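**Student:** What follows is the residue order along each chain.
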Amino acid sequence: MISTVIWCLFAGMTVMAALAVATSKNVVHCGFGLLFSLLGVCAMYVFLGADFLAATQVIVYVGGILVLILFGVMMTHRITATDLKSELVQPVAALIAAVAILVLSVGMILEQVWPAKEHLDPITPTTHAFGVSFLTDYLFPFEFASVLLLVALIGAAMFTRDSAGEDSDHV
Amino acid sequence: MPDLQSLGDNLQVGLEHYLTLSVMLFSIGTLGVIFRRNVLVMFMSVELMLTSVNISLVAFSRYLDDLNGHVLVLFVLAVAAAEAGVGLAILVEIFKKRDTVDVDEFRQLME
Amino acid sequence: MNFTWSDAAYFGPEAVMGLTFLLCVLGDLVTRGRRHVVPFGTLLVGTAISLVLALLHPPVSSHAILGQMVVVDGFAHFFRLLFLGITFVTALLSWSSREIMGRDREHQGEFYALAAMLCFGMMVMAESADIVMLALSLEAVSITSYILAGFARFSFRSSEAALKYVLWGAVSSAVMLYGLSLFYGLTGATSYEGIRAGLSGGQGGMALLVAILFVMAGIGYKISAVPFHFWTPDVYEGAPAPVAAIFASGPKIAGFALMIRFFYVALVQDDSQGTLALLDDVQWPWVLAIISAATMTLGNMAAIRQNSVRRLLAYSSIAHVGYMLMGFVVLSANGLAAVLFYLFVYAIMTIGAFLVVVALNNRVSGEEIDDYAGLGFREPLVAAMMFLFLISLTGLPPTAGFIGKFYLFAAAGEAGLWWLAILGVLNSVVSLYYYMRIARAMYFTPPELSGRVGLAQAHLILLVVLAVPTLVLGVFWSPLKEFADQSLRMLLGGG
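Residue numbers (the numbering used here), protein chains in the order written: chain A, 14 to 184; chain B, 102 to 212; chain C, 18 to 512.
Just so you know, the hints here were simulated from the structure itself, not pulled from any lab data.
No experiment lies behind these values; they were computed from the predicted model shown.
There's no promise every hint is true.
Chain A is faced by these chain C residues, among others (derived, beta-carbon under 8 angstroms) [unchecked claim]:
hint, residue
1, A32
2, G35
3, L36
4, L40
5, L43
6, M134
7, I229
Glycine residues also receive a C-beta, built at the ideal position from the N, C-alpha and C atoms.
Using the sequences plus the hints, can you model the full thing?
**Tutor:** Structure (structure tokens):
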């Protein structure tokens, strides 16, 4: 009983914080909303027995989110002017799409019979199994993901580095 | 003080509850992307959508008693990090250009 | 557990391209980005070695390798050759492009590294046999594309297009990943074969519909199908012209390869009569037929209004996606062979048309249709090649485009989708109008300046190299058709 109450608290926190992200006028509030939402999700991982993922969630996401907030504080008042909405993405059509997603998804949850187990096995640590699968079945995706991150690194460095022309002006 | 193990065992929630949570986060993220005009908030909403994917994956993984879903979650995390990294770098680039353009206009006015 | 070193023999070309990417990065670092010929040469040599490896060892049967993550078969082989060819040609055409070579010299090394990575990613996309690999390879190609889209750093337009591309791309991949997670939840499997096995147990219903729609949305964004096409004109216009040439061919074709393998291995089954049937009662052929019709019609209608040649080509590439989806919809081996044939031809002619834009971009100031006035008198060879590519894009004989469209329309008609085939023909007629606007400007408008434009030798040679197959495949198309048929045999026969 008490664990169900705790679960509901965390789930509520996740959703409320997510709503704050989507609705708050202040970007810093949005960032903190995301932080709390992701922490709530982290609690969900704990409930689901995903210990390794819960730790990764805190380290990767919370670190990343703090950087996001920093960016937000530094520069949003200028960036908000950038209009990314295409003339083809009409709000009405988009709203219809969003509602369709919601209706379909709710229908899916209510109607669908999932091939889930009735009696769950006790929660076991997952880290060892992770290590084994990354070095056997998932070795190639693992290496591929590392190359993907290298590409992202190169791209990020390229975009943020000052161009050589600007450098020569200063020297 | 119940330990984590019994916390999981006594839980009165099922797969449907996790999926509902996941769908709610996904919808909130979608709405955020569609209706907000601030690029950073749009990126945050995308993160919410990706997180909702992760919740459903972990929940499926638990209820199917299969670890492959967990592995997929880690790859989703890597992808999310890479996308956010490149996206924010482009954002910084635009910011710098805007800044430069402003300064140029300023100089032209001075002359 | 299934990972063995003997797998490497089947994965040679991909491994070489992955290595080429790393060597390009390394070469650029070692030369401190000053000797661009080092990464450029590395890319060309790597692509050539990979091509030779691929040609020397064509797969004779289907091999699931690297822990069942990728499958090397005839289908993969077809796309492997196509991607390597595209990478080789686009690398050559970017070498003498002002936009890559010009003001922003210091990033050239990165450009060639990214081109190698893009090729690696696309090859893996065509080979993925597991949703983990599907997601990762699609993301690798997407993220490389985002970086390339913003490559013209001196242009504000380019950065803005790149931001739009990365943001909506992230949204679409989130949607796709949600769909993939539902597939996992429904079947408990991540491999395509496992998903098919799980779904054949009757796990259909609403969740499957949502999953298919979401995955379609993610792939639709990549191949720029309506209604996920809105980024295409802006990105093609903002990115440097050689990058636009890559985008119009490479990632789009890779998206098709991924889509065909995913849908045909995971969701479609082969019944005993040799016809393909769906695993469940979701009417996605109808959904796809409507998407196909909307894509070609909207692409063509928007192309009519364009005055910029590059935007016109961008919208026309959307229309071509619509034509190709037609062959995908019909659930037949003939339809898929037509798609493969058309993808090959499309790559040649669209790169050719963009190559003309690249070549002229170095010399002529603008990219409006009016800027091409009198080109027929000033540069007869280039104008003639452009004309050839344009009639091939329209689908008129005696070019390869005609044969490709003929197969597509025939496949649609054969499957009873006559309305779609007729709509395709009508759209081709519409496209004739706007392609001929460029031709009219080239031949019937007097030039403002006289004298030759003076184009790079490399571009002229490449133009001829691309024009020859456009013409030859319009007359001797059967070898390519047989190759396409043969490539599909393992995919469809094996499952």
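**Student:** Holds or violated: the hint that C/L43 contacts chain A, with Cβ atoms closer than 8 angstroms.
**Tutor:** Check failed: Cβ of C/L43 comes no nearer than 11 angstroms to chain A, outside 8 angstroms.
**Student:** Identify whether the interface hint at C/L36 stands, where standing means a beta carbon of chain A within less than 8 angstroms of its own.
**Tutor:** violated (10 angstroms)
**Student:** The hint names C/M134 as touching chain A; please verify it with the least Cβ-Cβ distance against 8 angstroms.
**Tutor:** holds (5 angstroms)
**Student:** Report holds or violated for the interface hint on C/G35, using the least CB-CB distance to chain A and a cut-off of 8 angstroms.
**Tutor:** holds (7 angstroms)
**Student:** For the hint on C/A32, just tell me whether its beta-carbon gets within less than 8 angstroms of chain A.
**Tutor:** violated (10 angstroms)
**Student:** Against chain A, is C/L40 within 8 angstroms by beta-carbon distance?
**Tutor:** Violated: closest Cβ of chain A sits about 13 angstroms from C/L40, beyond 8 angstroms.
**Student:** The hint names C/I229 as touching chain A; please verify it with the least Cβ-Cβ distance against 8 angstroms.
**Tutor:** Not OK, violated: C/I229 not within 8 angstroms of chain A, min 11 angstroms.
Of the numbered hints listed earlier, those contradicted by the structure are 1, 3, 4, 5, 7.
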